[in-house]
Amino acid sequence: MTNVTNTAGAIAPKPAPVLTPGREVWLSLKSNRGAMVALGIILLTILCAILAPVLAPHDYTTQNVDLALTPPAWAEGGSATYMLGTDGIGRDILSRILYGSRYSLMIGLIVVTLSLTLGVVFGLVSGFYRGTVDSLIMRLMDIILALPSLLLAIVIVVLLGTGLTNAMIAVAITNIPHYARLTRAAVMTELTKDYVVASRVAGAGTLRLMFKTVLPNCLAPLIVQSTLGISSAVLDAAALGFLGLGAQPPTPEWGTMLADARQYIDSAWWVVTFPGLAILITVLAFNLLGDGLRDALDPKLKR
Amino acid sequence: MIRFVIQRMLLIIPTFLGAALLTFVLIHSIPGDPLQMLLGEKVIDPVRHQELLDQMGLGKPLPIQFIDYIWNVLQGDFGKSIQSKESVLSDFFARFPATLELAFCAMLLAIVIGVPAGVLAAQRRGSVYDHSIMGAALTGYSMPIFWWGLLLILFFSLNLGWTPVSGRIDLDYYFDEGTGFMLWDSLMSDQEGAFRSALSHLILPTIVLGTIPLAVIARMTRSAMLEVLGEDYVRTARAKGLSGFRVVGIHALRNALIPVVTVIGLQVGTLMAGAILTENIFSWPGVGSWLVNSIYQRDYPSVQGGVLLIAGFVILVNLTVDLIYGLLNPRIRGRR
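Chain order of the listed sequences is A and B. Counting from -17, one number per residue, gives the positions in the first sequence under our numbering. Counting from -4, one number per residue, gives the positions in the second sequence under our numbering.
So here's chain A without its partners, still in its complex pose (with noise of 0.2 Å):
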């Protein structure tokens, strides 16, 4: 076995350590100003999240009903100690939401985490195998494609109960074939190549082929299709928790704590702005963080 290792190392000779691809991307996506700002929130996002408890001015399910729906520090009537205003039972929504970025960072991470690993599994196995295997999951996957997201989210938490876990499960499931399907066609593409066929040759087994041969080279788009099912992770996750199927109160989840500031709409705009701002600015990181890794990843599509 460590002879085939060796061989397989020999074949593929290290070029001059000038600019490593990690290195490259980092480049081209430096010079991405979006992207770069994208990052930046992400990473302020992740230190929110951190540090949610140094950071926020009040504990998040402390209820001061004396103080409920008091508009935030610069309105009329704000309180300075609640920069963001309460909501309908006094709580501070700051606190809330900075609490909250705990829950849609780790929604996204589960998220992307689960459908990326059994996607790529069904994606290795579907295009290493081809014939029936193939065919059915690919059919299966057509099917997942073919009813709407949401709509399928729905059902799943319904069969196992309303929740954040059961949300992020059924969440992830509709995310597979996505995964899946880069997975197929990047392995298909690679299959054919020499390197493959030497590594094939020298002995390697399957699990080697598809894992530490073949898989590595198809990182790029799956890199990709993971920043951007991140942002969706948290849209469908918090659509999910205001329609009273994701997450339950008195969790500070985004969506949740929208689903909660509907009754305050005509009194108290602040409830239902700010949660929903906390959802759009994350999303569109992720997304914009997406696109430029893409143009980095493969200058191809550069435009």
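It is worth saying that the hints were derived from the structure and are not from the lab. Note that the Cβ used here is the ideal one computed from N, Cα and C, for glycine as well. A portion of the hints provided could be inaccurate.
To be verified - Non-contacting residues of chain B with respect to chain A, defined by C-beta distances greater than 12 Å in every case (computed):
#, residue
1, I59
2, Q70
3, V107
4, G144
5, D165
6, L166
7, D167
8, D171
9, S184
10, E187
11, Y320
Said to hold, decoys possible - Where chain A lies over chain B, by a calculated footprint (3+ residues, C-beta under 8 Å):
#, stretch
12, 126 to 140
13, 191 to 205
14, 280 to 294
15, 297 to 308
As the list claims (entries may be wrong) - Label-pair distances were calculated between CB atoms; the ranges are:
#, chain 1, residue 1, chain 2, residue 2, range
16, A, I28, B, Q45, 40 to 46 Å
17, A, K175, B, T174, 55 to 61 Å
18, A, S61, B, V160, 42 to 48 Å
19, B, R241, A, M65, 29 to 35 Å
20, B, L12, A, R112, 20 to 26 Å
21, A, L201, B, V107, 38 to 44 Å
Add chain B to chain A, keeping to what the hints say.
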């Protein structure tokens, strides 16, 4: 071409059957007995319970239930709604025009604004126009539409009082629903102001539902146009001395529209998902709100039939787009 058409049509059968199986399995795994839901707190003799289940066809083994279901579906029988006691198909089609009207207007808005915006952005590539249009498109694409709807209500309905908050038409107007399409029916009703009322109810939901398709179409049009504008025949057309409008509007746009048509077709699924949220916000009496309500009520036949009908609709639209695409672009026909 005929071979292509038949091939494509045969391909949707397994997809449709699979969708039916998927919804069937999912719905039947939901905990809770629909009969018990119907009875509420009432206690019932177990023997009678079984009898009723048998009557509803819910007592047989699941595979048999599924085959029965497909057999009935093929004859246009989607079962009876447990809630309304009406046939699911008639329940669905009573609400479908409302969704269709909304989705159609949203798509129209998306195309009418999205295509010219994309063309302008491509033509003035790198300009302020390009940057602002693409910035707006990316924002629209990232928009949580349930929040967008609330914001629009907040601003236009509550602050300015320009548009109504919910429903399809003011309650002052009453006329027979001829087609189910409110714009048309109100126009035909001879009641003064009815059409205006229907239109004002439609505006905000249309904007909300149209936002994401609009953004997608603008982005797609821009990138397709950029590709086409670099082609030789466009340079030739310019060299011939044709006006800028003719070159861009006629020569380039026609070719750029091919991928845009595909994207428009693919947006139908997005529209149906968006309709669930939009209808929820604006209390729009379409299939989206009906379906969500059926899910809350554990109305199995309605959910199953509704999901299947929507999936069937999306599949059919995609098939049509595929066929149009084959017609527009002969190269695609040979490929699989």
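Here is what the structure says about each hint:
1. I59: Holds, because the least Cβ-Cβ distance between I59 of chain B and chain A comes to about 21 Å, which exceeds 12 Å.
2. Q70: holds, 22 Å
3. V107: holds, 24 Å
4. G144: violated, 10 Å
5. D165: holds, 19 Å
6. L166: holds, 19 Å
7. D167: Since the minimum Cβ distance to chain A is about 22 Å, D167 of chain B lies beyond 12 Å and the statement holds.
8. D171: The assertion about D171 of chain B holds, with a minimum of 31 Å to chain A.
9. S184: holds, 31 Å
10. E187: holds, 29 Å
11. Y320: Its Cβ never comes within 12 Å of chain A, the nearest being 17 Å, so this holds.
12. 126 to 140: holds (count 6)
13. 191 to 205: violated (count 0)
14. 280 to 294: holds (count 3)
15. 297 to 308: Satisfied; 4 residues make the cut.
16. A:I28 to B:Q45: 40 to 46 Å: For Q45 of chain B against I28 of chain A, whose Cβ atoms are near 57 Å apart, the range 40 to 46 Å is violated.
17. A:K175 to B:T174: 55 to 61 Å: holds, 57 Å
18. A:S61 to B:V160: 42 to 48 Å: violated, 30 Å
19. B:R241 to A:M65: 29 to 35 Å: violated, 56 Å
20. B:L12 to A:R112: 20 to 26 Å: Distance hint for L12 of chain B, R112 of chain A holds at roughly 23 Å.
21. A:L201 to B:V107: 38 to 44 Å: holds, 40 Å
The structure fails hints 4, 13, 16, 18 and 19 (numbered hints given earlier, in ascending order).
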